[in-house]
Every structure is written in structure tokens, then in C-alpha cells.
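Colleague: Spelled out from the first residue to the last, the chains are:
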Amino acid sequence: MSVYETYKKSFWGPTIAWKRLFTKPVTIKIPKVYREAAERYRGFHINDLELCSGCSTCSKICPTDAIKMVPVDTEVEVGKKAQRPAIDYGRCSFCAMCVDICTTGSLKMTREYIHVSDDPNTFFFIPDETGIHQQEIHQGYQRDEDSELLDLERVEMTEIPAEERINSFIEYVKGYSKEQAISEAARCVDCELCVDACPANMDIPRYIESVFNNDTAKGVDWIYKTNPLPGVCGRVCTHKCETVCSIGHRGEAVAIRWLKRYIMDQESEEDIIRHARENIVKKGTGKIAIVGAGPSGLAAAYYLSLMGYDVTIFEAKNLPGGVMRYGIPRYRLPDEALDKDINVIKALGVKIKCNTSVGKDITLNELKEKHDAVFIGTGFTLGRSSEIQGSDHKDVLLALPLLEKIRNYLRNPEESRKPPVPDSLLVIGGGNVAMDVARSIVRLQRLEGKEANVKITSLESMEELPADLEEIVEGREEGIQFFPSRGPKEVVIENGKVKGLKTVACTRVFDEKGQFNPIFDESNVMLIDGEMIVEAIGQAPDYAYLPDELKNKLEFIKGRLIVNEKGQTSIEWLFAGGDIVSGPDIIHGVADGHKAAVGIDEFLNREEE
Amino acid sequence: MSKEVKLFIGPNHPGMHGNSSVHLYVEGDTVVKARLVPGFLHRGFEKLMERRLWFQNLALIPRICVPEPDINEMVYAMVVESLTGIELPERAQWIRMIILELARISSHLMSLGGVGGSTGLYTMNYWTMSDRDRILDIFEKITGARVYHMYIIPGGVRKSLPERIENDILDVLDYIESRMPEYENLLLKNKVIRTRTKGIAKLTEKEALEMGVTGVGLRATGLPYDIRKIDPYARYDKVEFTVPTATEGDAYARFTLKYLELQQSIKIIRQCIELMPKEGPANVRFSDGSALRFKVPAGSMYCHVESSRGEYGYYVVSDGSEKPYRIHVRGASYPQGLYGVEKKLPGTRLEDVALWLNSMDFCPPEIDR
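In the order they appear, the protein sequences are chains A and B. Its first residue numbered 91, the first sequence is counted upward by one per residue in my numbering. Its first residue numbered 410, the second sequence is counted upward by one per residue in my numbering.
Don't read these hints as lab results, they were simulated from the structure. Any given hint could be a false lead.
[Said to hold, decoys possible] BS3-like, lysine-lysine: derived pairs with alpha carbons at most 25 angstroms apart: (1) Lys372(A) / Lys407(A); (2) Lys98(A) / Lys607(B); (3) Lys122(A) / Lys550(B); (4) Lys600(B) / Lys109(A); (5) Lys550(B) / Lys109(A).
If you're wondering where the values come from, they're calculated on a predicted model, not measured in any experiment.
The shape of chain B in the complex, shown without the other chains (with noise of 0.2 angstroms):
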């Protein structure tokens, strides 16, 4: 007779992403029920973003997503724009690609190495985390930070581009091109991790759909779902690059494809770089006055973008005062962190749970905001 016995997998997990838990109910290695259990991370953001300038907020929307901070600031970004109908001057928009794309690189590396969490390949953790470095590098000269850039702000950029970053930023490029066929040597083509991801953590497209799952979680069922083609935002109507998609929905199909992806950033950060106006400004004003007393109109907008784990928005209301109304986050990850945990965790097998986590891009401050 087998027992049910009620498992915790926290922060201290090393398959756990982040400041979170899901509590297992599990009989022998089978997960019964699964429940996933957010407060760690708390800090209440939307709830915050009411009481600070919108100049202020720029400091605490990075931190709804650490490894991919600049989706925030852009799409944050993108909505007081769209309130205040200000043009952007060309350069910003293409400093911005930059460091979006390069975040999604770092982002992705982040995610492939994780499963070294799930799996126990840490090389993969190891070379990931320490090429990603390099693009934090790369954000320290250009940002002057490396996780929390607070870069992109309403109106453009905050700095124009160092000098000579280019070279550097290509430099990093082909280096981490060159590591490409060491990652896929020691990960894709990997007897181990091909047996052990093969149909593991399925996600059909309806269910998919149904959960509200974007990003590589929905494009691995074969729907080249990706808002920089849908909806293009900044300059990606202007580069060439294409959605990789697949068809199986399981665990190793979404490592290919965030694998595929990082060829195809470094394809558009290299187009960004040939085709950047070479002077302009970085910003334009979005409002009058010092920073403590920018207003934005009254009115409400949702804008979305790309983000490593898929569909990435803001949804704000301004009453045309000097504080946000109102902001909703939606989480790239809420769908599968929140409804992917309790709807297909139960019937797999203890050990993927962490695989889901980790290939299905599960981020706890997007959910727990």
C-alpha cells in the first residue's frame, strides 16, 4: 500500500528557480498533487509602483524579473510612451534592441545552465554562468550595472552608448558564438539529457493555449508565437531574424529552441549594430519639469513584448498625476508557474518536477508581484 507523503521543494532546491515553493504531494515518486506556494518574493510591486514617480519606479521594475531585467524597463518604457505620444529619437530605439537582445542571450544561458539544477549537468551551469558574465561585462560599461541596468527609461535611453562598445559587444558575440557547438556537443547531442528530457514535461498546443503559456513553452508545439513578429515594437520590423519553432512540447524540444534563439539574437544584435544611426541623442524628455514632478496623461495602455519567457506586459492606468494609478504585470511565466504547476505536475514523476521549472522558464517574482 503506498502513502501519500507531502513534499516541499523551496528555495533551497537546487532544481527551484528563485524564491519560491511547490508543495508535492507525492505516493511513491509520482506526484499526486501539486500546489505552488508564492510569498517568498513578496515584496507587493504592483502595489508599490502607486506610491512612487514614475521616474522612481524605474528602480524597482527590474527586480520583477532578476535574470532578464530589461523587458521591464522597456515595456514600462513603451507604455509612458504610448501615454504621451512622445517620438523616440532613432539611436534609443536601437540602443534598446541591443540590450534587449543581449539580455535575452544572458537570459537563456541562465535558463540552459539550470539544468544543471534539474539534471545534474552542472558543466552546462558553469559555462552558461560564466559566459554570461561576459554580457553583464558588457552591461557594466554600457549601464554602469550589471543585473539591474535601469537603463531603458521613458523617453529612450539613460546614457548614450559608450565609445568603442561596439567592438566589444561583437568581441563578445563571436565568443559566444564560438562556445555554440561546445554547448550543443554537451547538451543537445548528450545521450543523458536527450533520454532523460524525451517527452518529459509535454505541453500540447490547445493546453498551451488554454493556460495562456507564451514563449518557448508555446512555440515548442509549433506555434510561432512571438510578439517581435506579431506586434513589433522598437526597430525588429527592420531586422531579419526567424521565430525557431517545434513540435514536440517536451522538455528538450524548448532547450533546442532557446538554444536556436540565442543564434538568432546574436543575428539581430549584429544587424542593430550595422544599421544604428551613428549619432543622435539617447532620450527625449517625456514630461516637463525635474524628475519629481514627471506627469503623464491620464489614460490607460497595455503593451507587450518578447521576453525570454514569452509574452511580457504592462498594463497601466494614469490619472495624469505624478504617480501610476494603477500597473498590472503580466508575467511571462505566470501561466505556466502558477496553472502549469498545478495542472501538469500531477501524474509525472518526482524528479521532473524540476524539469518543468526549468524549461518552461519559471521566474517567482513574475508571479509573485
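Looking at chain A on its own, in the form it has when it is part of the complex (with noise of 0.2 angstroms):
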């Protein structure tokens, strides 16, 4: 049938219109009759700037460079940067995917719809909590579960299992596959807040981006850039960057240690040294002494070699690593892995002198008189006592003897003398020392064949350990107990024998300023049974090597050296760095090492003029 037959003509048909005229207009008079907009209306934007972190990963995602980050005049805060977004209206499309992909959840959009101004700056501002209006906020558009952009949650990394991993000191964690390791880079938002927070300022967005691209060869260039230890770090870096990392505002944090580990993996020792050799810039000539194979001596030497400096490490123990190779237990941090990261640097032509104890075998003077410079990263060697009653007892260990003795049997059993194994133990602290420590009891006492028998008391509550959230869990999962918020008083003897630790409770740790200050409630004893105790409440610094008329002229603050940010002590020739300096933390060091470097480079530079 043909459509003109479908529908007659009709006269009065179209005639229909004039009873519009007597309707009411469908049209609004704005702005007498305010509209709102439905609930989810993408208006203008609202951004929560104390909330907001200036991660710049709005002004990342959005399609047309509408967003720009502008420098705001607040203080810095870790994991924070000092700027926030601006929004240009001439430019934005409204497609809220900045919303979506907020790290921090603070950019939102109001239910306005309407901006009208004669100043065409006022289409370029910064949101705050008030919007382009300044006026009371119609909340609109929000991300949800839906519409979430990011990645919150982080890819699960292959571990042996508790029970099965307390039997041996094999390394549990069993690092990305290619698939996992892409997968967990892409998660990644570029934002650079990590750099900021790594005390080696790492490049750390380049190198999961080249993990991302599956060019894990350009990743060891960026890692050796600011780090020449990546095997240990990515083992057992205390990760400040996953701390503060914006995907944790929200989810869990992008596996950047995993990340790096999974880097220094796949690239085969050869290949690490010819990329290491490339970067050697030519250009010092002198000698320099370093004392002490540690994170910092290390480091120091790697960039000083890159320099062409001719790099001497002085060791007193047998092999070079420091606390990576007698501290951190094998099971974190394998040998293998180590011996990568020195190999690296040895290759550049770094001579360690192992078995040199400096200020017995060699003085430091001498050392001065041979060498150009000398770089002391001598670390944190001597364990803390609590000193309480009984705490002189030969059952009554130190932590960082017994995790080296530890570490020497298992790389030797044959020669090396085998480590208490007892049937209970007691650990006094919650770092991630007293962790090791209980730990490795745990696999030896496994290793015996008896049954896991370990225990943690600290000053600390369950929730303000000092030790990693990781640690914690793990040493959870294979039987380790917890006493916390406990205060050691005195070892209990019986029959010259250990039996275990009196304890008063610990109500606080901290005072309000922050201050290590603990108040003990004596009332509330408790008695810990244990017929081992092991202190790892703290290490200190051992000095013993420095000559007095050194010592007299050297700045200290608590046992740490006073250095300037070139790594230059007092003494204009004695350079300084790691747990001397900063504390003890493996990436200090390193980032120690790297600034003394160039410190040494520009000192001896300078004096050649």
C-alpha cells in the first residue's frame, strides 16, 4: 500500500497547532525559575583541596588538556604535591572521566548548569569546595564502583605457603611472571608522588612504564640511574614509595618493589654490567677509600667508579653486604640476589678488601694519607641491651649477632658454628629486626624438628609496630605470638636457667610530641615464658675505628653524624653516609652513598683548581 494511502489528507488536520495556543509554554524563564539538575548532572567541579594530593592524574586522563596543575601556596606534606588542579572551561568537555579516575576520590561535579560571566577569567579557576560559584554546593555527578578507572586492586604475588615456607629458608616470595608483572605495571598512574617520597629519588613511574612496554632492559637503565642495589631493594626496600603511592588512597598500592625485583629478574648479570659500563662517565682521577661493603659504601663506590675513580671498600667481615649480607635473613633476601648487585659493581672495577678491619688492620690516617677521600658508611653494628635484670645471661641474646650467626651457618654448615636453637623463644622489640629474628628461630626450630614456638613482646601496641604490615602478617601466618604493649623488667632465672621475661603493661610509647616516653602500669605483671630471650630493640653505632683527634673535631646528634647534603662531614676529606647518618634503612643508605658521591667528585674537583 502506498504510503500516500496510509494517511489521508485532511484539511483540518494540520489545524490541530492552534489549541497549543491556550496550553501552557513548555519553556522556563530561567533565572526566575531555578531548574535542577538531575542527581548525576556533570556540571562544574568541586575538588576537597585538603584531600586532593596534586597527582596530576585528572589532568592526565582528561581528553582535552582541560586540566592543568598549578604550584598552591601550602605546606609540602609527604605524598602530597604542592600544586592542584585548575580546570579551564573553554577547553572542557564535561566527560567527568577526571572524576572517575580521582586517586584521592576528592574532584566531584555540582548540578549547575549554567556559568555566565563577562571576565573570561573566571572560566579558569581552581575548585575548591565551593565550585566556580562560590555558593552552596547541589552535589552532582560522582564516581562509583562502575564507573572507577583505576585499578585498586593489586596482583597477588605467588608465595609459598606458610606452613610449607617455615621448613626451609628458601626465599618465599616468588616474584612476577612477565603476564603478572604488565598486568600490575599498567595499574600505575604515573603521578610521581613515590619519587618524592624514596630517599633515593628513584625514577620510578619510568621504570614500571618500562615494564609496562616489556623493556625491562630500559628499566635497569632507570633503576641504575639512583640505584645501584635494585636486587636487594626490590627484595627488601622498606617501599616508602608504596606508602604514600596514590592508588593507596583507595586500593592497594602498585607493587613497585615487586615491580623492580621483577626488572633486575629477567636481566641477566652480563647484561646489568655492559649496561653499567656504558654509563661510565670518564672524567675524575684520584683515589678513594671506602669503609665499610655496606648499602652506602656500595653506592658510594658504584658512582664513584662511574666518575673513573679509583674505589678502594674496606671490610671487616669476610665478604661484602653489610647488614644485606649478616642482617636481613636469607629467606628475604638470598645471597644470589646480593651477589648480583655486587658483581655490578665489582665489574666497574671496584676493589673490596674484605677482612680489613679499619682501625685495626689499617688506620683511619693512613687511609687519609693514601687516598684522596675517604667515604665512612660503617653502619649500625652494635646491638642495644634493655639492661634490665638478668639481661647478662648467656641465654639473653642480642638480635644482630644472632641473625649473623644465623646467616654464616646457613651459608656454610659445615664451618660455620650453628646458632642456639631453643625449644621456646622470647623476642624483646617490634622492628623488623625482632621480626627476623623470630622468624629464622621458627625455620631453625623446624629445621630441628620441633614445633614453632615463638614469641613477640614490644612496647608498642599491636597497631604502632615498628615493623612492616607485611612482616607482621607473615610472621602471623607461621605461628609467631604477639605480646604487645608490654614493658620488659627483668629476665626470671631458675636454676641458672632461662625461664622466661617479667612484664608490666605499657600504656603509652609516645608522649604528644611525639617523644619516646613510655609510661608502665606496674600493677598488670605478666610473665612470658621463654627459656631463649633475644633484644632487638635498636641498634647503635660503633665509633671505635675513628681516632680521637677526628672524633673531637666531628659533629654528633644522638650517636648520628652531622653531615652536610653533600655527604660531607666537618672534616672536609671524610665523607659520611647510611645508618650513621640517617638511621638504619637500606635506601638511605643508598641514597647516601649517591650523594657523597657526588660530593667527593665536586670536593676533589674543587681542589684541583
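Put the two chains together into one complex, using the hints given.
Modeller: Laid out in C-alpha cells, this is it:
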């Protein structure tokens, strides 16, 4: 049937329009009539400036480049940048991707339809809680689970389950596969908050990007610019980067540490050495002595040799590595990983003289005479004792010597003395060292065929424990019992044998100012048993190698050496770094070593002029 | 002696749809030669998309067709989904159909309203535009924007439907249905319009197929070509609807078909609301990681949907990176807008030019992409 027949011609038909003369118009009179937009309306932006971290992810996703990060005058907090997004409404397409990807969730939109102004500058502004019109806000579009543009869940790391891993010292973290690493790297939003948080200011987003692009060789390049111990840091770093990771605001932080480890595990030692050699800039001539082959010493040696200096490291122990070799247990940091890093440094021509204790085999002054500059990175080698009654008993041990003994034994069971393996152990302390001792002894107990029986007591409550969260969680999985908020009072000895530790409740560890100032409730007494007690309540530096005339010229605060921003002490040829300057932390040591290497280079060049 | 005059029908001409222009060479009232001169709107959509992330493109693609942006989102999402091979949540499929059909209604209303510009029947224009606004209200509630929705994303839809939106949708459908007799009286039964459009801007099936005209233009020549039937996407195979056709192939037949398609769309949406699962996720991730690092596996893919103007398709080449390697858009109105203007306008009268542009659905950004 023809369409002309479907609808018949009608004379009166079109006149139906006349009846509309008498109905109410559908148009409304703005601004006399206020029209509320829908709940999800994508209007103008509002931003909680306090919550916003200035991570610039909004400006990265913005398809029209409408968001510009502008510097703001605020106090820079850790994990935040002194910049906030400003929106250019001449460009904005109101797509709200910025809202959906906002890492902190501070950015939202209002329900306003209209902004009218004869001043073009009002169309470019930094949104705050009051929005573009500085008035009461009707909140519009917000992110929800469906519109989420971040990936909040970390790619799970394959680990040996607790019941299996406590039977050996095998490294229990398996490392990422290629697919896992690439998916994990895809979570990064390249905000660079981590770079500021890392003591060594590693180019973290760049090497994560290289993982994402499946170009680990480039990743090695980026890593070695700031860190010559990546195999170690990729396993045991305290990862301050992950603490500030912007994804961590609403989800799980990107596994930066594991990605670093992934890069290093992909590249062979030869490749890394070749990379390192390519970066040598021959310019310096001079001899430099480094005391201590720990993180800071090795880092300093690496960067100094890149600059063409003749570097010799003097190490008291029979293997280089310091705390990495003798402190951290093997299940977290196997010797092979450490050797790989050290071999790269050695391949650059760094000489490491082991079994040479400065102060005994050679004095610091002799070093000074033979070298142009000296770097000391001797670390915290002495354990601290609580010095409570009974702590001088032979079964009350210090953590560091015990850990050293365990590692020596595992490395060479025939020639080393076997560490003591008690039926029950009590560790005093709540830091990573305490966890290391506890978890090592659990493994030794299992190797001996005993039941795991290790307890940890600390002044801090469970929430305040200074140890890494994963250490605590994993330790608990491995059967370690925690007795938090207890102050040690006395080692209880019966018939010459340690029976346990008498503790009192600790109600407060830090005072209002954040100073260490514990308060105890003496009425709340508890005996925690254990036939061996290990004190892991902190370490201290050993400056015995410093001759008095030098020591008098140096400045110390609470046992730490004062150095300038180049790692230089008040004696101009003496540079220092690592634990003795920044406190115990590997990545701080690496950063100090790098800094001092630059400082030494500047010092020597200035001298020659 | 008649003299050839060059006439310019540009963006400010009421009969022109959007920012494009046609250069007409006329002798008296008869068109001798017609040339489409695009360029007013050229943003380089296809090229721009190569420089934007897969997700960022969602803010750009709706702009390739302003009155009906959702088909762009749909076809882009379909391409990405087929390249990544993800399974969509069932609810998302139905939500998409509701959105697409609402968009078809709003686009047809706008197109029917366009008769005002080409014939002077501006009452139709006012009516359809104000009725279309009710659909935009629905869009605002569902997607957060009235025109550029950016709602259909690869993997599903951006957000789930707001609560009780079904009632609002049904209300609007009822309202539009109640208006249908009025449109019918004003437009289809109107003696002036019938006289004015009968046999005007005529196209035969052969010509249509030669040029590649699809949609209402082709269906008005008698061929029931509709992607929703031929190659069903979303859940169009699960709903009942017919494809109206006519045999005349002129402007009046096309107006009639648009009017009839309104009814079919209303029917589809009602079925969607009934058949749609009431619970379920709105979307699934099509790639690992954050939106800044979404990747699509390497490959190439052409997907097409039925827009209000015909077959609308994207051909996408991915090299497996975070950005598309190449995107080609098959704009539905490209054949009638370019070939149609140059082939079919010569010989017609000057006043019929706007009728061609209007009834064939001429959408400049699709041509000028």
C-alpha cells in the first residue's frame, strides 16, 4: 500500500496546532525559574583541596587538556604535591573522567547548568568545595564502583604458603611472571608522588613504564641512575614509595618493590654489567677509600667508579654486603641476589678488601694518606640491650650477632658454628629486626624437627608496631605469638636457666610531642615464658675506629654524624652516609652513598682548581 | 537567456543541517551543479583518535554525530569488545538498547522537526524539539549529560541505571505516544506538506545501492535493510519489532518511515524494560590497569550498527598499544551527503535542495570527520 494512502489528506488535521495557543508554554524563564539538574549531572567541578594530593592524574586522563596543575602555596606534606588542578572551561568537555579516575576521590561535580560572566578569567579556576560560583553546592556527578577508572587491586604475589615456608630458608616470595608484572605496571598512574617519597628519588614511574612496555633493559637503565642495589631493594626495601602511592588512597598501592625485583630478575648479570659500563663517564682521577661494604658504601663506590675514580672498599667481615649479608635473613634476601648486585659494582673496577678492619688492620689516618677522600658507611653494628636485671645471662642474646650467626651457618653449615635453637624463644622488640629473628628461629626450630614456638613482646601496641605490616602478617601466619604493649622488667632465671620475662603493661610509648617516653602500669604484671630471650630493641653505631683527634672535630646528634647536603662531614676529606647519618634503612644508605659520591667528586675537582 | 548563478547554502541557512555548505550553480530556479564543500566542522576526528588513549576517545567520539551520539559510543565499544573478546554483563546489553532507542527517537524527532527549515512548517520544529527535550531529561538522569552522554563504554555502560528511572522512561514514552496523532495530523496529513514532498528528492533502489545509501533512504525504496535485523547486536534478536518500508522513495515516504520508526522504537524500549535483568553489574573491565594504561589486543575489526540515518560503522586497527592505530568511521550520511548532493540535486528546483538534505538525514560531522 502506498504511503499516500496510509495517511489520508486532511484539511482540518494541521489545525490541531491551534489548540496549543491555549496551553502553558513548555519553556521556562531562566533565571527567574530555577531548574535543578539531575542527580548525576556533570556540571562544574568541586574539589576537596585538603584531600587532593596534587597527583595530576585528572590532568593526565583529561581528553581535552582542560586540566592544568597549578602550584599552590601550601605546606608540602609527604605524599602530596604543592599543586592543585585548575580547570579551563573553554576546553572542558564535561566527560567527568577526571572524577572517575581521581585517586583520592576529592574531585566531584556540581549540578549547576550555567556559568555566565563577562570576565574570561572566571572560566579558568582552581575548584574548591564551593565550586565556580562560591555558593551552596548541590553535588552532581560522583564516581562509583562501576565508573571507577583505577585498578585498585594489586596483582597477587605468589608466595610459598606459611606452613610450607617455615620448613626452610628458601625465598618464599616467588616474584612476578611477565604477564603479572605487566598487569601490575598497568595500574600505575605515573603521578610521581613516589619519587618524592623515595630517599634515593628513584625514577619509579619510568621503570614501571618500562615494565609495562615490556622493555626491562630500559628499566635497568632507569633504576641504575639512582640505585645500584636494585636486586636487594627489590626484595627488602622499606618501600616508602608504596606508602605514598596515590593508588593506595582508595586501594592497594602499586607493588613498586616487586616490579623493581621483576626487572632485575629478567636481566642477566652480564647484561646489567654491560649497561653499567656503558654509563661510565670518564672524568675524575683520584683514589677514594670507602669504609664498610654496606649499602651506602657500595652505592658510593658505584657512582664514584662511574665517574672514573679508583675506589677501594675496606670491609671488616669476610664478605661484602654489611647488613644485607649478615642481618637480613636469607628467606627474604638470598645471597645470589646480593651477589648479583655486588658483582655489577665490582665489574666497574671497585676493589673490595674484605677482612680488613679499619682501626685495627689499617687506621683511618693511613687511609687518608693513601687516598684523596674517605667515605665512611660503617652502619649500626652494635646491638642495644635493655639492661634489665638478668639480661647478662648467656641465654639472653642480642639480635644482630644472632642473625649473623644464622646467616653464616646457612651459607656454610660445615665450617660455621651452629646458632642456638631453643625450644621456645622470646624476642623483645617490635621492629623488622625482631621479626627477622623470630621468623629465622621458627625456621630453625622446624629444621630441627621441633614445634615452632616463638613469641614477640614489644612496648608498642599492635597498631603502633614499627615493623612492616606484611612482616607482621606473615609472621603471624608462621605461628609467631605477639604480646604487644608490654614493658620488659626482669629476666626470670631459675636454677641458672632462663625461664621467661617478667613484663608490665605499657600504656603509652610516645608522648604528645611524639618523643619516646613510655609509661608503665606496674600493677599489671605478666610472665612470658621462653628459654631463650633475644633483645631486638635497636642498634647503635660503633665509632671505635675513629681516632680521638678526628672524633673531636666531628659533630654528632644522638650518635648520628652530622653531614652537609653533599655527605661531607666537618672534616673536609671525610664523607659519611648510611645508618650512621640517616638511621638504619637500606634505601637511605643508597641515597647517602650517591649523594656523597657527587660530593666527593665536587670536592676533588674543586681541590684541583 | 538564462544566466548561471552560484548560490551558497551554508551553516546559516535554515535548511542546512549543521555546519556544512553546498555550492549550487543555478539557472533560474533549477540547480545545474551542486558541490558539497565541507570543512566548517573538520576536527580531524579519525586522526585525533589515534593520539588519544582508548578511554579518552570516549569524550571525542560522541561528537561525530551530535543529534545521536550514542551510536558512536556503541559501535566503538563493540569494536573494542570484539578485539578484546570480553563477555558483556547481560544487564548492560539491555541498558544499551534502551539508550540507543531513546537516541533514535530523539534523533528522528529532530529530523522530523527539520521539516520546519526546509518547508517552513516551524510548528513541527517547536513541537518535536520540546518533546525531544523530555528524552534529554532522561539522558541527563541516566548519563549525567543531555547531549554528549559518554555513557556506553567498552565493557558495558558507565554507571548502572538510577533507581526508578524505568517509570520516568515509560512516562516519556507514553507522552510521546500521545503526541503521535498530533504529528500525524500536522505533518503526514497536511495537504501542503504532501504536495510539497510528494515525488520530491526521489531516489530509486538501484541508485541508493550504487551510492551506498542505507537507513531510511534505502528503506523508502522498498528494501528492508536494517542492521538490527540483518546482523543483530546487543539483544535486538530478543525483541519484537518490524522494519517499516515504503516503495515511493521520495521525501514524503521518508518522513512517514521516520514517523513509523518512532513507534517501533517505543515498542522496543518497552520490551527492554520488561525483559532486562533487574540486577547485575553495569560493566566489566576490558583491560588491566588504570584507564591511562588500557590496552586493546592487536587486530582489526569492523562493527556496524543501525543509526537513525543508516548503517554506521567503525573500522578500527589496533597495534596492541594504549592508543588506536587507525580508526575509520563509516558515517551513515556520507553517501547521501556527498554523492547524493552532487548526483541527485542537479535538475531539481532550488527549494527542494533543503528537502533532500533534511529528509535524507544529512549530518555534517559524519562527512567532515
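Colleague: It remains to establish, for every hint, whether it holds in the given structure.
Modeller: How the hints compare with the structure:
Taking the CA atoms of Lys372(A) and Lys407(A), the gap is near 31 angstroms; set against the 25 angstroms cutoff, the hint is violated. Of the supplied pair hints, the one linking Lys98(A) and Lys607(B) holds, its CA atoms being roughly 13 angstroms apart against a limit of 25 angstroms. Restraint check: the Cα-Cα separation between Lys122(A) and Lys550(B) comes to about 23 angstroms, which is no more than 25 angstroms; the hinted pair holds. A hinted pair counts as satisfied when its Cα atoms are at most 25 angstroms apart, and Lys600(B) with Lys109(A) qualifies at roughly 19 angstroms.
The hinted pair formed by Lys550(B) and Lys109(A) fails the criterion: a straight-line CA distance of about 31 angstroms is larger than 25 angstroms.
Hint compliance for this structure: hints 1 and 5 are broken, all remaining hints hold.
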